[in-house]
Each structure stands twice: as C-alpha cells, then as structure tokens.
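Trainee: One-letter residues, chain by chain:
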Amino acid sequence: MSTFQRTAAAILALSLHPRGAAAFLLLALLSCGGEKRKTEGQVSLTLYHWMEKDRKLWEEQILKPFQAAHPGVTVTLQTSPYPLYVTKSLTSIASGGHLADLMFAEDWFGQELIQKQYALNLMPYVRRDIAPGEFYDETFTEWRGVAQREDELYGFPACLGLTVLFYNKELFDRGALSYPDTTWTYDDLIRVGKKLTIDQHADGIPDQWGLTFDVQYTGLETVLYTLGGRLLTADSRHASLQEPPTLKALHFIQDLFQKERIASTTTSLVTTWQSFIAQRSAMILIGSHGAINLEGTSLRWDLTYPPKASDGRRMSRRFTMAFMIPKNSPHPEEAWELLRWILTKSPPEQISTQYSGMMPTYRPATASGAWLNTPPVHNRHLLVELEKGYSFPLFTPGWQEWRDNNLTPEILQMIQGKKSVEQFAADAGRRINAVLDRAYQAR
Amino acid sequence: MNRIRSFRTLEPYLYLLPTIAGLILFSAGAVAASFSMSFSRWDIVTSPQWVWFDNYTQLWHSDLFWQVFWNTLTFVVLAVPLSVSASLALALLVNTRLRGITLFRTAYFMPVVSSMIAVALVWSWIFNADYGLLNYLLRVLFGVRGPAWLDSTAWALPAMVVVTVWRGLGYSMVIFLAGLQNIPQELYHAATIDGAGVWRKFRHITLPMLSPTTFFILVITFINSFQVFEQTYVLTKGGPANATLTLSYLIYQDAFQFFQMGKAAALSYILFALIFVVTLMQFRIQRRWVFYG
Chain A
1 MSTFQRTAAA ILALSLHPRG AAAFLLLALL SCGGEKRKTE GQVSLTLYHW
51 MEKDRKLWEE QILKPFQAAH PGVTVTLQTS PYPLYVTKSL TSIASGGHLA
101 DLMFAEDWFG QELIQKQYAL NLMPYVRRDI APGEFYDETF TEWRGVAQRE
151 DELYGFPACL GLTVLFYNKE LFDRGALSYP DTTWTYDDLI RVGKKLTIDQ
201 HADGIPDQWG LTFDVQYTGL ETVLYTLGGR LLTADSRHAS LQEPPTLKAL
251 HFIQDLFQKE RIASTTTSLV TTWQSFIAQR SAMILIGSHG AINLEGTSLR
301 WDLTYPPKAS DGRRMSRRFT MAFMIPKNSP HPEEAWELLR WILTKSPPEQ
351 ISTQYSGMMP TYRPATASGA WLNTPPVHNR HLLVELEKGY SFPLFTPGWQ
401 EWRDNNLTPE ILQMIQGKKS VEQFAADAGR RINAVLDRAY QAR
Chain B
1001 MNRIRSFRTL EPYLYLLPTI AGLILFSAGA VAASFSMSFS RWDIVTSPQW
1051 VWFDNYTQLW HSDLFWQVFW NTLTFVVLAV PLSVSASLAL ALLVNTRLRG
1101 ITLFRTAYFM PVVSSMIAVA LVWSWIFNAD YGLLNYLLRV LFGVRGPAWL
1151 DSTAWALPAM VVVTVWRGLG YSMVIFLAGL QNIPQELYHA ATIDGAGVWR
1201 KFRHITLPML SPTTFFILVI TFINSFQVFE QTYVLTKGGP ANATLTLSYL
1251 IYQDAFQFFQ MGKAAALSYI LFALIFVVTL MQFRIQRRWV FYG
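Protein chains in written order, with the working numbering: chain A, 1 to 443; chain B, 1001 to 1293.
Misleading hints may appear alongside valid ones.
With a straight-line cut-off of 30 Å between C-alpha atoms, the simulated DSSO-like cross-links for lysine-lysine are [to be verified]:
no., chain 1, residue 1, chain 2, residue 2
1, B, LYS1237, A, LYS88
2, A, LYS248, A, LYS418
3, B, LYS1237, A, LYS418
4, A, LYS116, B, LYS1201
5, A, LYS419, B, LYS1237
6, A, LYS53, A, LYS345
7, B, LYS1237, A, LYS53
Label-pair ranges, simulated between beta-carbon atoms [as the list claims (entries may be wrong)]:
no., chain 1, residue 1, chain 2, residue 2, range
8, A, PRO330, B, PHE1026, 25 to 35 Å
9, B, SER1027, A, ARG261, 55 to 65 Å
10, B, LEU1141, A, LYS194, 25 to 35 Å
11, B, PHE1026, A, ASP437, 29 to 39 Å
By construction, these hints were calculated from the structure, which means they are not laboratory data. Please read these numbers as outputs of a predicted model, since none were measured by experiment. Glycine included, C-beta positions come from ideal geometry on N, C-alpha and C.
Between the sequences and the hints, there should be enough to build the whole structure, so can you do that?
Mentor: Take a look at the structure:
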C-alpha cells in the first residue's frame, strides 16, 4: 500500500467513526485559524444575541459603560438576524468552537441546551448576588430544566412575553363597539367577534374577520388551559389531548372557526400579523412579543387580557428569553457580571426597545415610567398584572419539532373541519408522544 | 539518472496534490463523515452514539417522512415537465434573427441571476390572497375570487412549482438555444424542399437533433427539483401544515432546528439514493431516444 493509499485509508477510517469525524472536522476548522481570546491581564468576553437593529444602542449604552466600570474586561458583541440565531448557534457548537461567554436564547431553545448540558448552572451566582424578589423569579421555572431542581438554573430570564388580546381601535370605532377590557369572557369575544366579521362582497367569504387566533401555540394553549383543558400531562412527558375537559376546550376552538365563524384558518395559521396589520382582523389573540410587528405602522391598537372563562378562570401562556453562560466559557464570573449589568443597569429608556413587546423580569424596570410610558403607549401595566396572576409556561425538549411538524398540521385539519376533534386529539397526541418519547429518551 | 526519473514519475502527482488534498478534506472526508453520521444519533451538543440503522428505520415508520417524500415527488413530477417544455418553447421563440432579440433573451435570463429573496418578495406579493396581482386579475377578468395561494394546503405546492419553473426558465432556455443553433440548417432546407411543414420539421428534425441537449436539461432539472430548498425556505418554510415540506427542507429542519444531525444525514442519503436511481434510469432510457448523430 502506498503512502497516499495509507493516508487516504486512515482519513476514511477516522471519518467513519463519529468521534473521529468530529476530530477531523475540528482539525480542519482549527487549521483555518482562530481567534486569540485572551491577551495578557485582559479578559475578553463575547456576547451573542439577535437584537441586531439595536446594535449601536447596546454598544453605546450598555457595553461601553460596563467596560468603563470594569477595566480589564472587553466585550465583543456578536449579533445575527433573529431567524438565524439557532442555526448560527448550532453550527458554532457543532464545530467545537466557542460561541460566546454570554448568549441570549428563547425558552424552547434553552430547553434543548439545558437537556444537553451545555449551560452553566447559575444558581450559586444567583444565591450570592441576587436579592429575593428583585426579579420575577417564577420565570425561573422554565430555566431549571425538566428535572425542576431548586438548586439548578441554567438561564437567567431577562424578559417575558404573555398571551394577550390585541385589538384594532379603528375597527371597533367603525362598528361603534366598546373596546375589549379585562372583564371580557370568551362569550364576549364571540359576541363582538361576530359583529366585527364582515362580508362586504356578500360572497360567503368575510373580508374582515373578528378574530385572528394563534392556533400554533400562544392562543391555542391559553384557551385550552383557561377552559380547563391541557396540552400535556403534568410531567410534560405525554400529550393529554383526549381528556374530557381538553376535548371540550378543543370543541370550543373548532367552533370559533366552523360554527361561530369569527376566525379564518388562513389568517390564524399563516398570515397572523399581516392580516391584523392590514385590518383584515379586528382582534388577535397571540403573544405580546408580536408587538414588534406593529412598530412603524400607523395602526391604532392596544392590548388587554385574554378573555376569561365563564367561571372566572383566566390563563395566559408565558414564554421567556434568558441569558445563558455556556459551560465552556473561560470567564464565567465576568460573564455573570455582564449578565447582571445588562439586566439591572440598562438605561430605562432603552428597555422597551431592547425587549420590544416583552416585559423585563427586573421588577424595578417594570415599575419605571420609562418602560410603562415609552411609545407606542399601550396597556403595558396589564402585562405585569397578567404575569403575576395568570401566567403559565409550557416547555419540553423537542418542542419545536412536535409543534411545527406534528401538532400544527393536525390542528389545521381540525379547524378546517376536515377532522373531528376526537380524531384530532388521537392523531395529534400520537404524533406528539412519538417526538416526546424520543426527546426524553435522548437525555 | 534514476532520481530524475523517479522525480519525473512523481512530478504530476505533486501538481495534483493540492487538488487531491482539497478533495479528501472537503469532499471525500465530508461525504464519509456524513455517511457515518447517518448511523449515529447526534444532537450536535453531546457526543454522537452509534445506532446502526435506527435513523433509517425511524424514517421508514414516520408518517411525516412519507408525506415529505410524496411532496417532493409531486413537486418533481410537476416542475420537471413544465420547466423543460416551457424553456424549450421559449428557446424556439427567441431563436430568431429579429432586431432586439438579445434584449428579450437577457430579460428571460434575468430571473436566474436575481436574488431568491427579491424573487420571493415579488412572488409573495403576486400570490397574496388580498392584494396580489394574480387574484386581482382573476377578479377583474373572470370575476373569480382566487385562493390564498401560498397559504393554502392545496395550492401552496403548485404555486412553488410556478416560481421554480419561472426562475429556472432562462438557464434551460440558453442551453436549448445553443442546441438549436447547432442544428445544421441544411436539414431544414432539405425538409422544406420535400414539402415538410413547421410541425413535421420540429417533430423529425428539431426534437431528435436536440435530444442530447434535452437529455442534459432533463437530468439537471430532475436533480435540482429533488433538491429544492431556497423556494421552500423563503416562500413557505414548509407550510402551511407541511404542505410544501420537501426532503431538503426537512434535512435542514432536522439538522439545525430539531437537533437531529444523524437523522438529517440519513435523510440526505435517502435523497441521494433517490436522485441516483432516477438519474441512472434516465441514462438507461436515453439509449432509446437520444440521438447523437
């Protein structure tokens, strides 16, 4: 065998073994050069998030003051557009590289990283440096991972979104209807929704819908849980769609589309925000983070609580975003310091820009006029009340897979009336369970 | 003397070394690594585990995989004949010596070099259910209310086919045009003298003489259609309700959204096998209809 043949055979053998393949890939990537991370006496941190459009604000108003207060620490800000942050994070992790010392992540992505033991346990730092009640610490739940151990916290929540009812003031004014408020029940939603569903061309297809209903998660889960149903069992390991209260709630959801006809399947599933912005729907039941879509529009809008059930029960699906410190960060102490700085020292006037339609988890920030009254002014104070009294999280590993590719297609068939609620519950439950079984098994 | 001789023997290999090294490192190495990955469970963050054929059997038993498989086949079955016939028609149309024909040829080629993002933006507007050009024309000309093209489970895939065909038209047209211009004019002259009409000349001269070009375009279009990704990514993200989810897009989802690199690698090899079999069949069948005279 020639040297060439031997070398080729060695590379092939190496490639065929998974660890070998990883080493091979790493070797190749390392040979492309690398960043020198630490110079003498100087700590260099990398912060990674997707708030690209506010890059300058971050650099000027947060990182510059942080560096001035911490001589010897420099921070490099890395950003990517929001739709690419998961891909960028994963490719960086796959190459064995160092993504960042501090990274921002949504709760669903966080679950994956927690499950794969990528993140540092922040609880020792929290116990040392955070005063009880300084933050809305009920949001820690989703960052403890499925094990829910009190001494574990793998991401520190920075902001949270809640499911709310957005409404278009102009369309309500045109219909001479009073705006929705915190007293609304789902019966009110249907009653007013019918008045706001208008078929101008009289062709059987409304030109304006009363409601756009986010059937993918925020709206669906909020209504399910408000009406006493639930999507998953208490341990979040299985679907629980076939339980009688859940079936009843699902019938209610199907009726919104099929019987009451106040919501459209297309606007609810695909063109959610576009239809609201284009004034094709008067209300939208969805996550408050969606307010970012309304920035720069001339729409007159506001938000209120999601309606309550006739028995007075009210729930709002919560979702959080947090900062995580990867386990392989060489400077966890400095990264933690930066994390605290971002959450507690961000200029109040920047917080609403920073988190857009979301609510900061830092209590003093939510009480500040700078956050409550920053344009566009709307009922921000309701978010605080909603979070305290009615919010609930829902998280599992494999969430995006069971939601996007398994639950959503089934939901569509149900709200289109192509599948009965019972059939939907059986089929969607089976598909969700298949993903969950695998996702939990992979631990 | 011997040293010089052995150096001479080695010399070509030395010149080839950078290419060979590049191929091994970036092609063969990657192919081997991804093939081995298809037999492993790898969530990207933790170490991979060898699972033999688990990924393949999981796919075989997955409803989603079969839905995506049929979506991809439907896309190919619709896109390939449309694309090939439309580009041939266009090539015949621009194969004239009219003044300003270059302008038309350039115009038809423009979509090929346009950014897919820009293309998607324009087509999203054309297909928009409420403000789209297509539905406006349907309403004004025929009094018909068009569907929500990209948002409907029935129409999203055909709409994606239309965009794909439109985008690839110019590329195939240019190749067909080159093929058309290589057909000896004497054949047409002789046929004219023999009294053949336009259709008979097309049927008995153009099509057979163009068959090697057609074969090439068929192979390329089949491969590109099986690998459709960009259009899915920018127009529909596989929705609504997985109606436009194709194999390439599922590979992307599994790898970079669902943390299943092993499954994504297995899917890649299934796609490869599919393309390989179809291409092989095309090469077998071409003996019957491709004329290399």
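Trainee: Work down the list of hints and note, for each, if the structure agrees.
Mentor: Quick rundown of the hints versus the structure:
The hinted pair formed by B:LYS1237 and A:LYS88 meets the criterion: a straight-line CA distance of about 18 Å does not exceed 30 Å. Note on A:LYS248 and A:LYS418: the hinted pairing holds, with a Cα-Cα distance of about 18 Å set against a maximum of 30 Å. Distance check on the hinted pair: B:LYS1237 and A:LYS418 sit about 23 Å apart at the alpha-carbon level, within 30 Å; holds. This hinted pair does not check out: A:LYS116 and B:LYS1201 have alpha carbons roughly 67 Å apart, beyond 30 Å.
A threshold of 30 Å between alpha carbons decides the hint, and for A:LYS419 with B:LYS1237 the separation of about 24 Å falls inside it, so the pair holds. Restraint check for A:LYS53 and A:LYS345: satisfied, since their Cα atoms lie roughly 20 Å apart, inside the 30 Å limit. Between the alpha carbons of B:LYS1237 and A:LYS53 the distance comes to roughly 23 Å, so the proposed pair stays at or under 30 Å and holds. Taking the beta carbon of each, A:PRO330 and B:PHE1026 are about 30 Å apart, inside 25 to 35 Å as hinted.
Take B:SER1027 and A:ARG261: their Cβ atoms lie about 57 Å apart, and the range 55 to 65 Å holds. The supplied range of 25 to 35 Å is met by B:LEU1141 and A:LYS194, whose beta-carbon atoms lie about 34 Å from each other. The hinted range of 29 to 39 Å is satisfied by B:PHE1026 and A:ASP437, whose Cβ atoms lie roughly 37 Å apart.
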